[in-house]
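Colleague: Listed below, chain by chain, are the residues.
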Amino acid sequence: MRNIWIICRKELRGYFVSPVAYLLLAMFAFIFGFFFWNALAYFVLAGMESQLSGQPMPMNVNEEIIRPIFSNIGVLGLFIIPVITMRLFAEEKRTGTIELLATSPITDVEVIVGKWLAAVMLYGSMLLLSAINLMFLFHYGDPDWKPIAIGYIGLLLQAGALLAVGTFISTLTRNQIIAGAATFGVCLLLWVLDWVSGYESAPWAKVLAYMSVITHFDSFAKGVVDSKDLIFYVSLTFLGLFFTARSMESLRWRS
Amino acid sequence: MITVKNLTKRYARNTAVDHISFEVQKGQIVGFLGPNGAGKTTTMRMLTCFLPPTSGSAIVAGFDVLEQPLEVKRRVGYLPETPPLYPEMTATEYLSFVGKIKGLSGAILRQRIDYVVGRCNIADVKDKLLGKLSKGYRQRVGLAQAIIHNPDVLVLDEPTAGLDPKQINETRDLIKSLAGDHTIILSTHILPEVEQTCEQVIIINKGKLVTIDSVVNLQNRARGAESVLVEVGGRNGDLDSAAVLRRLSQVPGVSRVVVKEKRQNRSVLEVESGKGTPIRGDLARAVVEAGWDLNELRSAAASLEEIFLDLTREETPAPGPVEEVAGKGATK
Chain A
1 MRNIWIICRK
11 ELRGYFVSPV
21 AYLLLAMFAF
31 IFGFFFWNAL
41 AYFVLAGMES
51 QLSGQPMPMN
61 VNEEIIRPIF
71 SNIGVLGLFI
81 IPVITMRLFA
91 EEKRTGTIEL
101 LATSPITDVE
111 VIVGKWLAAV
121 MLYGSMLLLS
131 AINLMFLFHY
141 GDPDWKPIAI
151 GYIGLLLQAG
161 ALLAVGTFIS
171 TLTRNQIIAG
181 AATFGVCLLL
191 WVLDWVSGYE
201 SAPWAKVLAY
211 MSVITHFDSF
221 AKGVVDSKDL
231 IFYVSLTFLG
241 LFFTARSMES
251 LRWRS
Chain B
256 MITVKNLTKR
266 YARNTAVDHI
276 SFEVQKGQIV
286 GFLGPNGAGK
296 TTTMRMLTCF
306 LPPTSGSAIV
316 AGFDVLEQPL
326 EVKRRVGYLP
336 ETPPLYPEMT
346 ATEYLSFVGK
356 IKGLSGAILR
366 QRIDYVVGRC
376 NIADVKDKLL
386 GKLSKGYRQR
396 VGLAQAIIHN
406 PDVLVLDEPT
416 AGLDPKQINE
426 TRDLIKSLAG
436 DHTIILSTHI
446 LPEVEQTCEQ
456 VIIINKGKLV
466 TIDSVVNLQN
476 RARGAESVLV
486 EVGGRNGDLD
496 SAAVLRRLSQ
506 VPGVSRVVVK
516 EKRQNRSVLE
526 VESGKGTPIR
536 GDLARAVVEA
546 GWDLNELRSA
556 AASLEEIFLD
566 LTREETPAPG
576 PVEEVAGKGA
586 TK
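Sequence order for the protein chains is A and B. Residue numbering for the first sequence follows the numbering used here, starting at 1 and increasing by one per position. Residue numbering for the second sequence follows the numbering used here, starting at 256 and increasing by one per position.
No wet-lab data here; the hints were simulated from the structure. Among the hints, a few may not be true.
Stated by the list, open to error - Stretch by stretch, here's where chain A covers chain B in the computed footprint (C-beta under 8 angstroms, at least three residues):
| id | segment |
| --- | --- |
| 1 | 303-310 |
| 2 | 350-363 |
Unchecked claim - So the derived label-pair ranges between C-beta atoms look like this:
| id | chain 1 | residue 1 | chain 2 | residue 2 | range |
| --- | --- | --- | --- | --- | --- |
| 3 | A | Gly96 | B | Ser276 | 24 to 32 angstroms |
| 4 | B | Arg365 | A | Phe136 | 45 to 53 angstroms |
| 5 | B | Gly282 | A | Arg2 | 27 to 35 angstroms |
| 6 | A | Gly96 | B | Tyr370 | 20 to 28 angstroms |
As the list claims (entries may be wrong) - Within a straight-line C-alpha distance of at most 30 angstroms, the following computed DSSO-like cross-link-like pairs (lysine-lysine) qualify:
| id | chain 1 | residue 1 | chain 2 | residue 2 |
| --- | --- | --- | --- | --- |
| 7 | B | Lys515 | A | Lys93 |
| 8 | B | Lys421 | B | Lys431 |
| 9 | A | Lys93 | B | Lys390 |
| 10 | A | Lys146 | A | Lys222 |
Just so you know, even glycine gets a beta-carbon here, dropped at the ideal spot from N, CA and C.
Please model the complete structure; the sequences and the hints are all you need to start from.
Modeller: Below, the structure is given as structure tokens:
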């Protein structure tokens, strides 16, 4: 446990002494702000039209504003996650510091979990920053906080799974760019896999659609924790970290 | 302290280390000598648990590298060929991080950092970013990192590579001063380094152990016989080196005399004798009694260079493909 924390802190330091973390945080805050502003503008417009029509319909802040934003944030994560994970192992391999970690009395699993945890924490801090926008909703409106919390948990779980995949890909190369590009490709593929369900209902299509990370987020965006989706994200995380561990081991046998 | 038996590392297409066995006693400095690609780095990586051996065993500081790698890692300090530094950390932050992953904490950690900073002479740069340090300082921080947890065994992979002569001397002195507390294995392909630093030499070539011996023994072994350099000076003016040669050849026990250097009034001769025959006293007497000055009398020990070339020379030129495989070696 202690060793995981040491590695995690070292990685977080690495993010925050370089411009990487600040750039990502700023980008995320800016784009989230834009999403929020758009969703709010549509909401206000729809509200005015509903008033003018003479038969006002009840409108739900959670449904109309927060849910679409959460879905958009998932897409934003697609671009940010490769940037977060690409250096994790590729950089250590390039500079040779992997030799220091591998010859220190800590296990591979501690190194891997520590690094992954740092990546999750960086992503978490971005989500935290985005929550500032939602404060306004509480000030001027009356949204339900529980679905929001569940949505954030869903985003974190989804990112955790993709970050684990990115961590694994980072062990495969000593080139950060390759690691980043490959992670982006894999994330994108995991994203669009559910398109097949649009035209095909054979078992293989169901399997592909199930593997898509986006379909599993729908329930969270609605504010519902579905154990099926929870299990999907958690198991994908474990799978990614497991492959990372195997990759580290094979590195030793081959290098 | 280190016992290696039939250690072998095989890759898909070549054998980097082939059944190497040796032992290192506590407190010794051992030089690991071999041309590039001989398997030095691979062997060191196996001793430090970075690479698992294909077969054979290595027991370091009392623990097997395959059975109990964590225990071995706790007792081994390792400086790879390029110091494993994080460029975005300062020296102090770096040493603190390494200390922590080696299991130190609190007051002991702070005390060890102060100690290694003093010992490795990096106080001037301890708050500078590692990425901005010169090669010499990087090497010293690398050494500081290796000894931070006070390991029983120190494994140093080419610790002086890429340093300037002054830095090389400083690093060698530092390593020598560490020998009392630690058992040290250092690899190098620079021969004088071994002569100056090490007590014991392990020579490997193409993954195979060529010889293991003390530096002194190896130097003696180079010549079956003892060989002495004599500098003779003339009393007044000229000196007939041919006469000197004739006179020295008559000394009992001398097997061969060669004139090495000839000047106006002094000459240097190399005198060889059969093994175990003391000739120095007779030589000195012969020179003085003949009326010449004896300026210098010292043993001409063969340099390790000759021994090394001798031992690692190929008996028969290998055909192309074999050469290529061996040349790729293990070090990368």
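Colleague: Evaluate each hint against the coordinates.
Modeller: Here is what the structure says about each hint:
1. 303-310: n = 5 at 8 angstroms, threshold three: holds.
2. 350-363: That given contact holds, which follows from 6 residues of the segment 350-363 of chain B lying within Cβ reach (below 8 angstroms) of chain A.
3. Gly96/A with Ser276/B: 24 to 32 angstroms: 29 angstroms, holds
4. Arg365/B with Phe136/A: 45 to 53 angstroms: 47 angstroms, holds
5. Gly282/B with Arg2/A: 27 to 35 angstroms: Holds: the Cβ-Cβ distance is about 32 angstroms, inside 27 to 35 angstroms.
6. Gly96/A with Tyr370/B: 20 to 28 angstroms: Hint holds: Cβ distance 25 angstroms, inside 20 to 28 angstroms.
7. Lys515/B with Lys93/A: 54 angstroms, violated
8. Lys421/B with Lys431/B: 15 angstroms, holds
9. Lys93/A with Lys390/B: 20 angstroms, holds
10. Lys146/A with Lys222/A: 10 angstroms, holds
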